[in-house]
Amino acid sequence: MKKILILLLILFSISQVFSDEEHNNKSNAKSKNKYYKIARSLYRKPFGETLCIPFIWLGNLTDDEKDKFDPSNEQEPKDLDQQRRFNLTNWSQISLNYFTTNAKHDINMVTGASQEAESINTKGKFGLKYQHELTGKISEEFSYDVKEEIFYSEKSHERRNSFLTNNLKLSLFYKQETTYLRLQFNNRYYNPDETNFLNLPGVVYNTQQQMTSSAILHLKQDFGKLSLNVYSNLRDLEYRYVVPLEENNDEYEVHQASDYDSYTDAKLFFKIADHMKVFGRMYYKDDLNELSLFDQMNLGGGFEYDNKIDLFSSIKAKVQYYNNISDKINNEQDHNFVTQLRYSRRFRNGISGFVSYINRSCYDNETSQIYRVSNMLRIHAMYSYSIENLNNSYLLSGIKYNPENEGTLGFIEQNQYLFKDIYSTVNIKYSFDLFTSYSLKIEYFLNSLQSFWIKNEYTDFYNIQKQNLIYFGSTFIF
Amino acid sequence: MKKIGIILILIIILMVYIGCDKVSNPEYNVDKSACNSCGACIGICPKDAIEIGEDGKAIIDQTKCNQCGKCIAICPEDAIY
Ligand code: SF4
Ligand code: SF4
Numbered sequence: 004m005k006k007i008l009i010l011l012l013i014l015f016s017i018s019q020v021f022s023d024e025e026h027n028n029k030s031n032a033k034s035k036n037k038y039y040k041i042a043r044s045l046y047r048k049p050f051g052e053t054l055c056i057p058f059i060w061l062g063n064l065t066d067d068e069k070d071k072f073d074p075s076n077e078q079e080p081k082d083l084d085q086q087r088r089f090n091l092t093n094w095s096q097i098s099l100n101y102f103t104t105n106a107k108h109d110i111n112m113v114t115g116a117s118q119e120a121e122s123i124n125t126k127g128k129f130g131l132k133y134q135h136e137l138t139g140k141i142s143e144e145f146s147y148d149v150k151e152e153i154f155y156s157e158k159s160h161e162r163r164n165s166f167l168t169n170n171l172k173l174s175l176f177y178k179q180e181t182t183y184l185r186l187q188f189n190n191r192y193y194n195p196d197e198t199n200f201l202n203l204p205g206v207v208y209n210t211q212q213q214m215t216s217s218a219i220l221h222l223k224q225d226f227g228k229l230s231l232n233v234y235s236n237l238r239d240l241e242y243r244y245v246v247p248l249e250e251n252n253d254e255y256e257v258h259q260a261s262d263y264d265s266y267t268d269a270k271l272f273f274k275i276a277d278h279m280k281v282f283g284r285m286y287y288k289d290d291l292n293e294l295s296l297f298d299q300m301n302l303g304g305g306f307e308y309d310n311k312i313d314l315f316s317s318i319k320a321k322v323q324y325y326n327n328i329s330d331k332i333n334n335e336q337d338h339n340f341v342t343q344l345r346y347s348r349r350f351r352n353g354i355s356g357f358v359s360y361i362n363r364s365c366y367d368n369e370t371s372q373i374y375r376v377s378n379m380l381r382i383h384a385m386y387s388y389s390i391e392n393l394n395n396s397y398l399l400s401g402i403k404y405n406p407e408n409e410g411t412l413g414f415i416e417q418n419q420y421l422f423k424d425i426y427s428t429v430n431i432k433y434s435f436d437l438f439t440s441y442s443l444k445i446e447y448f449l450n451s452l453q454s455f456w457i458k459n460e461y462t463d464f465y466n467i468q469k470q471n472l473i474y475f476g477s478t479f480i481f
Numbered sequence: 010m011k012k013i014g015i016i017l018i019l020i021i022i023l024m025v026y027i028g029c030d031k032v033s034n035p036e037y038n039v040d041k042s043a044c045n046s047c048g049a050c051i052g053i054c055p056k057d058a059i060e061i062g063e064d065g066k067a068i069i070d071q072t073k074c075n076q077c078g079k080c081i082a083i084c085p086e087d088a089i090y
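Protein sequence lines correspond, in order, to chains P and F.
Using this note's numbering, you'd call the opening residue of the first sequence number 4 and step up by one each time.
Using this note's numbering, you'd call the opening residue of the second sequence number 10 and step up by one each time.
Hints listed in this document are in silico derivations from the structure and should not be mistaken for laboratory results.
Be aware that a few hints might be false.
Said to hold, decoys possible - The calculated label-pair distances, taken between Cβ atoms and stated as ranges, are: (1) P/F226 with F/L23: 34 to 44 Å; (2) P/Y263 with F/C47: 24 to 34 Å; (3) F/C47 with P/M214: 39 to 49 Å.
What the hints assert, rightly or not - Footprint (simulated), chain F over chain P, 3 or more residues, beta carbon under 8 Å: (4) 132-146; (5) 339-345; (6) 408-416.
Glycine residues also receive a C-beta, built at the ideal position from the N, C-alpha and C atoms.
Just need the whole structure built from these sequences, with the hints factored in.
In structure tokens:
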């Protein structure tokens, strides 16, 4: 209880700091509406860029901006450019969670090495999430991006392996007309005393993750019709494993270990027509540990078709073959075929949507048989509407059909302006095999860049766990 | 011409779908156009098999994945299939 009061106090103090800005923003309803929309597009991302961005910006954009937020552009790198464009270089989000799951519905996921972990699992009720992002330009070509996310939860629930995680990303970008270079360092820290036991591949003992670090290099280079895309990631996992000293004894010996992997993904594209490219691809995973049991190499190629038919519709297709070489992959999956199709459409009356289909199949040399790995059909449709010409609301519904991996589900979501800068979002999701969830969120926009919300989310993971989460949260963009 | 191409691809997929058996081990992948890079799947994977890839979207290391299916249930965008 004390913790809630302290955090509410902090939130209140911060809101006071921003009260002047609130006054300024309220004096200009139109600009307020614009910034309010930016805020929503940056942190909510409730269903990906595809439908969210065109809706949010409807009617407020220049032609150039319209092109940028066209539904067919949903996969383009977004965050850095988007924020720089609007001089939003610094934003934070903080939310408090309150877990009300009944103990009888908990599965005891955590059997921590320390007694402390046990007691936290059964007694804890609170959680906290904090995100912060800072982006800026060093010069015309160089820019940077710092992202930080802390998640802490006193209760074991289905969402995390660890009670505490801290994600840090530091990126440096170099961009020129034909060159894009990114150097990045990622660190994900877990508190091992309060982390679930995992069973890492190739390690006989149960392990607890402590930290993963990645050093990333990403280069894109254009040579006219030819372009090169190379991505390389050197990854280190620090973990500890616990060995019982004797059977039926509560005493353990704790060992510390590291696990190194490197991933390289290189693609060479050649533009053969206006909207079509052929490509060759090599993906290589090098297990840098002693036994190298988890090496993998994919060699293949295919073609991509991407056509923005007009401002309102686009079509994309990708067909790819790759040969999978790894001791850890079943022989059936040596030769793989991936087909992707996607059609997006936006209408003038506020309706937009897309249909996408992905098929994965493989060919087994030995049995000369084709197998299906996975099929996914996804259809989304959204109707967006304005209330009093300023306050956008939407109704979104969609289905995902994925019979092979029990991923078939349907959902409906409505975001509705209520009154005086208060919005509500209702979401119902029904999955045939995995879960049903309901959520309700009420959000109050204090000014264009700050909001407070309360959210209740109930999820029934069939035959595993039922959880009821109540979140208190706030977003500050400054 | 384009339409014929697309129809042909669809027919081939349909034939594969109707006429072929399911692979014996399921495989999970990420639909990159749906992924919002939230990282929830990374936090729940019991095999440390998921990382953020080249385009900021999640990617599954198939050599580590044991097909437990936890990530598919947790993804807020239903991006895993
Ligand atoms: S949980 Fe889903 S949306 Fe989030 S990173 Fe994983 S695949 Fe992407
Ligand atoms: S299916 Fe399980 S092991 Fe595989 S990536 Fe998803 S959570 Fe990890």
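| Can you name, in rising order, the numbers of the hints this structure does not satisfy? | 3 and 4
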